[in-house]
Structure formats: C-alpha cells, structure tokens
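Student: Here are the chains, one letter per residue:
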Amino acid sequence: MNLLKRLDAAMSSFLRFDLSRTDVVKWVLFARQLLLLLLLSVVSIAGLSAILSTMQARELLEHSLDREGRAVGDAVARAAFVPLTLDDDVALAELALAYRSVEDLGSLRVLDEHGALRAGIPAPSGARLSFVTVAVVPMAGAHRGSASIGSVEVGMKRDAIDRRIRSIAATNVGIAALLSLFVWILGVMIIGNLIDRTRELVGEARLAEEVRRANAELEAFSYSVAHDLRAPLRAIDGFSQALLDGYSDKIDDQGRHFLSRLRENTRRMGQLINDLLGLSRVTRGELKRMDFDLAPQAREVAARLRRSAPERDVDFEIPKSLPVNGDPNLLLAALENLLGNAWKYTARKPSARIEVGRERRGDEDVFFVRDNGAGFDMAFANKLFKPFSRLHSPGEFEGTGIGLATVDRIMARHGGRVWGEGKVGEGATFYFTTGETR
Amino acid sequence: MKTKKRTILIVEDNPDDEALILLALKKKEISENIVITHDGQEALDYLFGKGKFAGRDTDDLPAVVFLDLQLPKLDGHEVLQRIRASAKTKLQPVVILTSSDEARDRLRSYDLGANSYVCKPVDFNDFDSAVESLGNYWTRINKTAKD
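In order, the protein sequence lines correspond to chains A and B. Just so we're aligned, residue 1 is where the first sequence starts under this note's numbering, counting upward by one. Just so we're aligned, residue 1 is where the second sequence starts under this note's numbering, counting upward by one.
Okay, chain A solo, but in the shape it has when bound:
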C-alpha cells in the first residue's frame, strides 16, 4: 500500500513537474525522458524475451516429450512380460503408469513390422481429443514370442501439450512482467527521487536567488541612500553655512539661530543615514567566523572615544585578552555601538566607569559591556533593540535608536543574542553571546 502511495505520489509529482526556465530543470526533464525511454525498452525487452523463451520452451518441451516417449516406447518394447495381444490394454496402461508422463499420455500403440496395430491404449471413450504423436520408436527385429514388433508410437493429448506450453509461457510472461514491474517501480522511484531532489535543489536555488536578489536590492537601496540622500543634505548644510558666512550682516539673530538649527538637523539626519547604512551593512555580506581577541578591538574603540572628548574622565576596564569566535568586522561594529552607548550615557557621571569582560552566566560564558551611567528602566528593556525606539529624548541623550538594533542583528547573525540589564541612575550592562560552538 505504501509502495503504491509512493508510486502514485511519484507519478503525480512527475506529471505536475513543471519548473520552468532554469538549466537544471531542462536537464532533469531530459533525464526523465531518458529514464522513461529506458523503462519502456526494459519492458519491451522483457516482453520479447518472454515470447522468445516461450518459443524455445516449446522446442524444449517437444524434445523432452520425444525423450519421454522414446523411454516409454523402449520400455514397452523391451518389457518381456508385455503380452502383445490386442486385448491387454490394461497391462500396457499399467506399464505406462510407471512413467512420469503417463498423466498426459494419450495413446500408446505397438505396431508390427507391417504397421498393423498389435496392442495399444486407445483414446478414452467419448473424448474428442486429438493426439500428437510425440515419439515413434522403431523396434526393427524385436520379437516377443511369436510377435515381431515394428515400432512403438507414443502419443500425447494435444490439450495436455498445450497446457504445458501455456504454463511455461505463463511462467515466462509472469517472470518478465514481474521483472518489468520491478524495474518500473525502481525507475519511477528513481525518477520520483530525482524530481524531489531537483525540486529541492531548484527550490533552494530559487530561495538563494531570492535572497541574493533581495540582498542586491538592499545594497542598491543603501547605495542610493548613501549617495542620493547625502548629496541634498550636504547642499542644505552647505548653503546654510554659506548664508551664515557671507550674509550674516543681512540676517538678524533669530535668522541666524534658525539657520544653525537647520544645520543641526541636517547633521542629525546625516547621522541617521550613517546609522541606517551601518544597520543594513551588518545584514549583508558573508559572516566570516574566526578565533580572535576582542580585547585589542575594545581598547582601540576606547582610545577613539577618549580622543573624541579628551576632557572627560572615564575609567575603562578591559582585560588583557578576550578570546572570541566570530566575525571581527561585525563584532567590532557591535563593540563600537555598545562602548559608544556606555560612553554616551556616562557623560553626566563625574567618575565614569566602563568595563568590558566575560563572565559565567548560568551555563554559558557571556561577554558584557558595563557602565555606571544613566541606566534604564527594565520595564522598557524589550524596546531597547527595536530600530528607532529610544528610552531617552534627544534633549537628554542624542541618538538615532539604531545602534542597539544593529548590535542585535549582529548577534543574531552569529546565532547568538544580546540583552541588557539596568537600573535608572545606576548604570547598564549589555550581555552578548556569539553563538560559539564549544
């Protein structure tokens, strides 16, 4: 039943199979035709061989009948006790019974040298059966008592012969049919598998193609964001500045204030574009995993932050080494965001402290970036990683709300995760794992 279902499924998948255009499909269709052709030829060869072997079987049968007939005839001729009288059919029949083919033995006739019937089993009375003489055993010179035997004729019932041929033919055809069926099922299963596999492959290829296209689209989009959105922004900023530079005597204080607000906003939008580009950049490209040390990267980012505001007093605590497995570029981007946040949110602390490290949490080793800055309310912890969602107003702390979304995406791409713990006014800790397989 299972096989039938499978067969049916294979056959229907076979009929529905129409995946267009790609080369793979063309080749599979070709292979399918080829296999079908092969199946048909196997089936016809099996049929042909059944017919041929049946014909051969007939010959063999005749041969064996002839042999059997001769054996019977011989036995009859030589059986000393056979009373060769016309009446002793019973004795003949008894003799014939001793031989294998007796069941199908139709007639047994003993003729003298003149061809006259001397003894024999006649056809059963009333039966309109035809006989085929399968053997004539010449017995020239053989004498039994006064009688001299010319030959012994062994005949068989025609229908018995036909029956034998039929059974041989049936066996042959049966074997051929079974063989064909076996090959057919095998073939269909192979084709079915081939189609399933191809469909999978084509599906995968299609999916990969879709992903590739989506990526390409995203890339084109980021590219145009980068190029086409930045250019007008630069123009707005540039010409505002040109106004401030060249026409400040014609613009009053409020006008200058508006212009500076205009410039401030273009700057913010520029930052937004940069952050969005960063976010989109971490989602594309290949993830290049390797073992490396996160500590030098952290120190580098820290040094950069210090340079950006040398007047600030921030105590960075970074261990000598932090071995990690992941994509160095992406993890650097994540560190930049996490340390940048810590830097930003400790801005109002007189003695700011930022710590990077690794610790055991539950049954896994996690990295963390900890600060004693503004912290956050754990009630909103789930909003931290959503793009554009912020827990602080721009007046409080600047930001685009994209940084942690970027970190989240980076860790997700690694098969790891990031989460935050914090308390308002006391600081925040961001933990992350990089999906290391250890």
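Calculated from the structure, these hints are not laboratory results. All values reported here derive from a predicted model rather than from experimental measurement. Quick reminder that beta carbons are idealized off the backbone N, C-alpha and C, glycines included.
Here are the computed lysine to aspartate or glutamate pairs in the EDC-like style, where the Cα-Cα straight-line distance is at most 20 Å: (1) B:LYS73 with A:ASP228; (2) A:LYS320 with A:ASP291; (3) B:LYS143 with B:GLU132; (4) B:LYS27 with A:ASP249; (5) B:LYS27 with A:ASP245; (6) B:LYS52 with B:ASP13; (7) B:LYS26 with A:ASP245; (8) B:LYS28 with A:ASP245; (9) B:LYS50 with B:ASP39; (10) B:LYS143 with B:ASP59; (11) A:LYS349 with A:ASP315; (12) B:LYS28 with B:GLU18; (13) A:LYS344 with A:GLU300; (14) B:LYS143 with B:GLU32; (15) A:LYS288 with B:GLU102.
Short, incomplete list of chain A residues facing chain B, as computed with Cβ under 10 Å: (16) LEU229; (17) PRO232; (18) ILE236; (19) GLY238; (20) SER240; (21) ALA242; (22) ARG263; (23) MET269; (24) GLY270; (25) ILE273; (26) ASN274.
Residues from chain B shown here face chain A by an in silico Cβ test under 10 Å; the list is partial: (27) ASP16; (28) ALA19; (29) ALA24; (30) LYS27; (31) GLN70; (32) ASP101; (33) GLU102; (34) ALA103; (35) VAL122; (36) ASP123; (37) PHE124; (38) PHE127.
Starting from the structure of chain A, add chain B where the hints point.
Tutor: Just chain B, lined up with the frame of chain A:
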C-alpha cells in the same frame, strides 16, 4: 614653473556639490584654474582634447582630477579606467570625491589606480576643510610625475 597654472579638473554632475566645492576652493584661493566637467565623457574629452575641448593642449594636464563616482554616461570608475589605460594620462593624479563610503567602491577605485579616495562629508564644515586640504595638498604640496 611658477607661472604655470595649476589646474584642478572637477568631474561632478551635481550642481549643488559643484557650487560647494567651488565655494570651498575659492574661499582659500586654492587654485587659479578650475575646470568643471559634468559627466565622464566630458572629463575624458578635456583630458584627451576631444569634443568641445578639441584643440586643447593635451600636454597641459591638471594637477589633480576630483572625480565623482556616480556620473551620467561614463561613471567614475570607467573614467578612471580610461585615464589609466592611456599612456599619456596613466600617471595623472586622480582623487575620488564621492558620497559613497561603500567598501566595494573604495576597493574598486584603488584597484583601478585611484591616488586617493575621499567620502564627501555631509557636514559642510567637514566638507569645506576636506576640499580645502585636498586642493592645497594636490596643487601645492604634491609633485606630479611631470612637474
């Protein structure tokens, strides 16, 4: 040598960027001779003395070319490729000045032989100082192969 004009060839299709570049360059009187072309073909015509620049003395090559990447007709990369392919201009200093900071664009530019790659800052003050230092460096400090 002192009398020779140090030309900057600007290839920029965006009139706003063009105006901003000129603003930055002229403020500090960086260059006496600024040539502006608006697409890749025009830039090549200037360098090779063809089209509307037919008859120009092509031995007089600019001190530097500021080349945008996204340009009509021939894009920046193609222009750079042709500049490097010609014996006459293969040593021409070319600075890519573009909005794109895609790694792919940078890589391709350097691969094709760009002398420098500068991403146009959005902030005008940064832009101003970038263009100013570029102009200053390439026309006053740097020496080209033919100087």
